[in-house]
Amino acid sequence: MKIHINHGRIIDPANDIDRIGSVYIKGGKIVSVTDEPAGFKPDTVINAENQIVCPGFIDLSTRLRDMGHSRKATFKSEVRAAAAAGVTTLCLQPDTVPVIDTTAVVELIKELAEKADYPQIYVIAALTQKLEGTELSSMLSLKQAGCIAVGNANRPVKNLLILRRAMEYAASHDLLLMFRPNDFWLGNNGCAHEGVIATRYGLPSIPEAAETIALAQCLELAELTGCRVHFGQLSCKRSVIKIHQAKKYGLKVSADVAIHQLHLTENDMKPFDSAYHVLPPLRTEEDRQYLRRGLAIGTINSICSDHQPHDLDAKLGAFPETEPGMSSLENLLPLMLKLVTRHAITLNQGIACLSANPARVLRLNSGALTPGFSADVCIFDPELDWQINAENWKSQGVNTPFWGQTLKGRVTHTLQAGKIIHRL
Amino acid sequence: MTDNLQLNTEGKLKHFLTIEGLSKSLLTEILDTAESFAGMSEHQVKKVPLLRGKTIVNLFFENSTRTRTTFELAATRLSADVINMNIATSATSKGESLLDTIRNLEAMFVDMFVVRHALSGAAHFIAQQTAPHISVINAGDGQHAHPTQAMLDMFTIRQLKPDFSSLRVAIIGDILHSRVARSEIQALNTLGAAEVRVIAPKTLLPAHVESLGVNVSHNLTEGLKDIDVVMMLRLQKERMSSALLPSESEYFKCFGLTEEKLKIAKPDAIVMHPGPINRGVEIDSKVADGPQSVILKQVSNGIAVRMAIMAMAMQTAAPAPGRSGGMHTIPGDRHADSIPGDKSGVA
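Protein chains in written order, with my numbering: chain A, 1 to 424; chain B, 1001 to 1347.
These are calculated hints, taken from the structure and not from any lab test.
Small disclaimer: the values here were computed from a predicted structure and weren't measured.
By construction, the Cβ of each residue, glycine as well, lies at the ideal position given by its N, Cα and C atoms.
Errors might be hidden in some of the hints.
[Claimed, not checked] Stretches of chain B that chain A covers, calculated by requiring three or more beta carbons in the stretch to come under 8 Å of a beta carbon on chain A: (1) 1097-1104; (2) 1107-1120; (3) 1194-1208; (4) 1214-1221; (5) 1292-1305.
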């Protein structure tokens, strides 16, 4: 299958390309950008006039549910959402039911992924058995079974000695640790940011220190153990400062932020509306500004969806007892573009944060339109308005505070390994 | 941020979930309406037919004696049928969800839920989910709000000190976990109190507590200066085991209200407590039972205030235009000439 994408504005940050031109695809690979290969006879031509052609998005934190959580969502429903979002590669968090802590579960997920057909699904293996934070998982076996990294999802490793050993063991096998910093004790089972809103509504709250202290500890251990660490879903100013200092100091660490953290703050929360219940919690305007700034200067190099689809029941209840998380894959592009129109980042940066940079975090040969790379391509219309409603939304989880809103920017085509997996 | 969920399209009370978002005139209307009910307790026939034929369910997911009892008495005096459901030991412990409990009770044609729940926002959730003809009264949700308690305290204060604009009020104790404190602060600020002060160690204060519109003190002796109303809060035993406080005795030493410390406040200061009291922990018995204490008056007033709120939320209460107006239809009503500070209305 040969595909010719023409007339589009090609933005490929890894190769420093931003111009109107063509992308040529053959045998599932990128053959050439701009220069037509000799004798190229396409089977399909995609006219991308007035559209942007960029590498397919790579999402560093996704939940597809299924298995024990199939009432919330299934691979089948969520891969459609991913494809519609321009996502061609995603990383599955290990807090599935059952937890991804054995090769058997990895095989099960591979099977589900194969049936789902697309996009490319990578698995983050549990750092500790059952994610309980007490015993190490069989990381080497899990790596050999295809896991791309290890992590403990949103569960704590309360004992620092165990975290240290887990990191040493991961480092021995050159495994990346994907770490969401949250001190269990300081988190105190909270459900909202420790600020004016939680105080007003009497909600159990989580201070920034729950994140920054866990972050600082893990940074120390990264230096001690030599473990590669990627910090996920940062939520506050002081975390950005800490990562900035650590990088300056020379530690090889990276970080991402969930897309909604770049837009929403505690002040956006409607009283007791569980759609806004996320972890880490929505914080202050100042935190949001620092997270945006962190992206702009590269301290935070990736944006993830932190997609967590839920069934209706999970969000029906008194706020503290509802389950945290937003369904957010399909918001990824329009909300990234909103950052560009608000001049928080450039379009090139935004695309890099969704493709080249996460590819670098995962050491993947993708996230770019480099000839020879898998033809993972996202084509989007940056001006197209669309409403988040039952007709347009693909995810089974409708738990988004953006429901009913009209957002600008929509993916028109997604190609994975040269196959068109989404067409608007 | 207004909470329009509580008001119907005409701006009348539909649910009573929190003080936040309610106007001064609405709060005053509640107090005026309550005043018209206050005398009833002394009558031979302690009932009015305002809610005859209505069914009120006291839905208590958390144990309570006094709040539930006064709600029950209030409903009975309005001639409503009352069902008490103690869910703490009932359906939800069998795995039934909050929503299913509500749906089942709705199917029994009830008219009002009086809800107490251990989680903040539970009453809001029920008000959002329940059938449109049902009113929801929040009898305390988690650490969020206890608006009827606040209103009965405002009522008690107004009886004795009618001018809110000259009042300095101190709230002492566990503000962090207190739904009572949050509602009191909002009510006092809405009614225009001159100052609301919170006095507690940092461990018992929420973050950015000043954002609630209060001044903060960590020292009882300093904090009581010029105070007209002293509101004590109950100290839960769990606060010691969760390392918020070292011991009951140290707490009493620092923040317990004694006769001696009360002298720092204004000489005519009144002492309040939402109950139940921990004698010798947050308050000395001599103060709790002393001349400045209005603790039992608060309890009595609870009935009239809850009657007013229930009646108003059911939209059956006649409008109460002023201190001397309203509720003329109530048999045996002796409100009209009741004066501020009049203590005779309390049994």
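Ascending list of hint numbers which this structure does not respect: Hint check: 4 and 5 fail, others pass.
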